[in-house]
Amino acid sequence: MPLAALILKNLWSKKARSIGIAFAISVAVMTVVTLTVVSSGLEASAAAVLTLGHADFTVAQNGVSEVLYSSLDENQLRDVQSTPGVKSAVGVLLETQRINADNPLFIEIGIAPDELSQFGVTVVAGRPYQETAIHEMMLGWRAAQDFGLHVGDRFDANGTWNTVVGIYSTGISYGDLGGMFPLTAIQTYNRVPGSVTLIFVNVLPGASVTKVEKAITSAHPEMTTIQTATQFGRADRNLVFLQAAATGSTILAILIGAVIVGNTMLLSLFERTREFGLLRAIGWTRSRVVSLVVGEGVVLAVVGAIAGVALSFAATAALESLPQLRGVLHANYTNQAFWRGLYTGLGMAVIGALYPALRAANLTPLKALSRE
Amino acid sequence: MSESVAGTVPAIEVRGLEKTYDDGLIRALDGVDLTVAAREFAAITGHSGCGKSTLLHLIAALDTPTDGSISVNGHDVVHLHHASRFRREEVGLVFQLHNLLPRLSVRENVEIAMSGSRRPHRQRAPYAGELLADVGLGGLSDRLPTQLSGGERQRVAIARALANDPPVLLADEPTGSLDSASVDVVLALFRRLRQERETTIVLVTHDEAVASAADRIVHMVDGRVISGDGAEAGGGELRPTT
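Protein chains in written order, with this note's numbering: chain C, 1 to 372; chain B, 1 to 242.
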């Protein structure tokens, strides 16, 4: 009979044990996949900020714990604007505000009205706000739809009532779920006069984006530039920590799981000592015995990984529905999450099965056969 | 009692074999010489602890001797590079306990011994069926070992030992746990295998009645062969192991 058939038969004959090991693997895989999709979701949400301004790159304060804590002043903004090769540099102040349970992180974008077009904003209804009108605002069309608000309606933000004078579209769903305010108004509300969070930079045609970035960071070490989501950690240490936590959890899950799997398989080895002795006595090679034991582990790993991914869907849905996390947590199912789930399961099973497999392969046939 | 030696070419040749344990304190074999001719059915008998099973295990490459040489069909068993291959292809082993895997069917228990053999996968199940038919269990292929009698299980173990058509069958007390009717069936099977398949058989037993079924009886006492060492069967130089 083929080795694969024997592996399946062995596992099937010990259903309770097989299910137990597969379940242990699935729990570890669920934890790893859930952490990965959640951190990936947070990364995607955070990185969505970068796409707001349709810019070639974004400038932020270097080394802040969270990108929204980045703070750049008007002088720095002017320096960036005057850097050779820069076509436009739009300073934007970003804040978040809890509106209700469904909108715990409503994004408020403070931007001067004369820079709206450079920022890629199209006013689809009403008009832009006035630069000095501190109680005027525009709502993104998605936000307006969600709140059921129209031009002329009032919107409570920053503890004051603002009149919705326009509805805008950025072409980016993240931006269209927020609201825009005069820059000076947001700076006043937040008591950060002259400050912006990020600077969205577009370079002149023919200019090298990389060279312009280097010119800015060389002149201003306190600033960092971000082009892609993967560079986001430069301006958001929390995200880096989260990713590190996900990686650390994966390693821990593999190690703890490997101990559990190894322990269970070792018990199984003791029960099957005579069997392995017989197999060696009738001519099975050591490598074939190793293949049998590790093969059993791999099958359990694959089953556990599939079950773990299914469980992670349920776990993530449960987390997203928690009142404290609704609207904050967005799962982002990427290929990476599934691969991580699979190699967590395989890592656990292979590492866990290897020692019992080597023990089984190195049993002396006679001693093994005489074991009661 | 015994017929004449079946062939003159030695299938098994043991010279000066010694096996000690505990740094020489226990001497299980003490200079054993034994020759078994091809197609011969030899029984090694003696009291418990005389070293007969140890001798069989050494011939089967399940253990290594302290000194001496063993040749099985020209293979230098003491210096094997691939003991697993030797046990798979050159010898078939039958133990006192059948050692069948309870979760596998009777046919699968035979098939499992073909794992790693040169026989193509698709031919293995049919051949296992043939072997089972050969040992009189053709209709029981799909049963589990637990559904068989002790004698039937031992016959499955014999079929398993024949799975790779080994020229030598080594049986260690194969009738030790069988009732007398089953003993007769198993011994008749050994005789038939020797006749029809031309298999060389070495059977270890403490039971003189069982031993009498063989062509020749080798008596052992205290780790030595005292009679029936088969020197008349001829000897030969050891061929290098392949």
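Just so you know, the hints here were simulated from the structure itself, not pulled from any lab data. It cannot be assumed that every hint is accurate.
Okay, the calculated beta carbon distance ranges per label pair [said to hold, decoys possible]:
hint: 1; chain 1: B; residue 1: Gly176; chain 2: C; residue 2: Ser13; range: 23 to 29 Å
hint: 2; chain 1: B; residue 1: Gly139; chain 2: C; residue 2: Val302; range: 23 to 29 Å
hint: 3; chain 1: C; residue 1: Val302; chain 2: B; residue 2: Gly150; range: 38 to 44 Å
hint: 4; chain 1: C; residue 1: Ala4; chain 2: B; residue 2: Gly136; range: 29 to 35 Å
hint: 5; chain 1: C; residue 1: Ser370; chain 2: B; residue 2: Gly139; range: 30 to 36 Å
hint: 6; chain 1: C; residue 1: Ser13; chain 2: B; residue 2: Gly24; range: 40 to 46 Å
hint: 7; chain 1: B; residue 1: Thr66; chain 2: C; residue 2: Ala4; range: 26 to 32 Å
hint: 8; chain 1: C; residue 1: Val302; chain 2: B; residue 2: Glu130; range: 32 to 38 Å
hint: 9; chain 1: B; residue 1: Tyr21; chain 2: C; residue 2: Ser13; range: 33 to 39 Å
hint: 10; chain 1: B; residue 1: Ser180; chain 2: C; residue 2: Ser13; range: 16 to 22 Å
Reference listing, derived: stretches of chain B covered by chain C, where coverage requires no fewer than 3 residues with Cβ under 8 Å from a Cβ of chain C [stated by the list, open to error]:
hint: 11; stretch: 39-47
hint: 12; stretch: 57-71
hint: 13; stretch: 185-196
C-beta: ideal position from N, C-alpha, C; glycine also.
Consistency of the hints with the structure:
no., hint, verdict
1, B:Gly176 <-> C:Ser13: 23 to 29 Å, "holds (28 Å)"
2, B:Gly139 <-> C:Val302: 23 to 29 Å, "violated (38 Å)"
3, C:Val302 <-> B:Gly150: 38 to 44 Å, "holds (40 Å)"
4, C:Ala4 <-> B:Gly136: 29 to 35 Å, "holds (31 Å)"
5, C:Ser370 <-> B:Gly139: 30 to 36 Å, "holds (33 Å)"
6, C:Ser13 <-> B:Gly24: 40 to 46 Å, "holds (44 Å)"
7, B:Thr66 <-> C:Ala4: 26 to 32 Å, "violated (42 Å)"
8, C:Val302 <-> B:Glu130: 32 to 38 Å, "holds (36 Å)"
9, B:Tyr21 <-> C:Ser13: 33 to 39 Å, "holds (37 Å)"
10, B:Ser180 <-> C:Ser13: 16 to 22 Å, "violated (34 Å)"
11, 39-47, "violated (count 0)"
12, 57-71, "holds (count 4)"
13, 185-196, "violated (count 0)"
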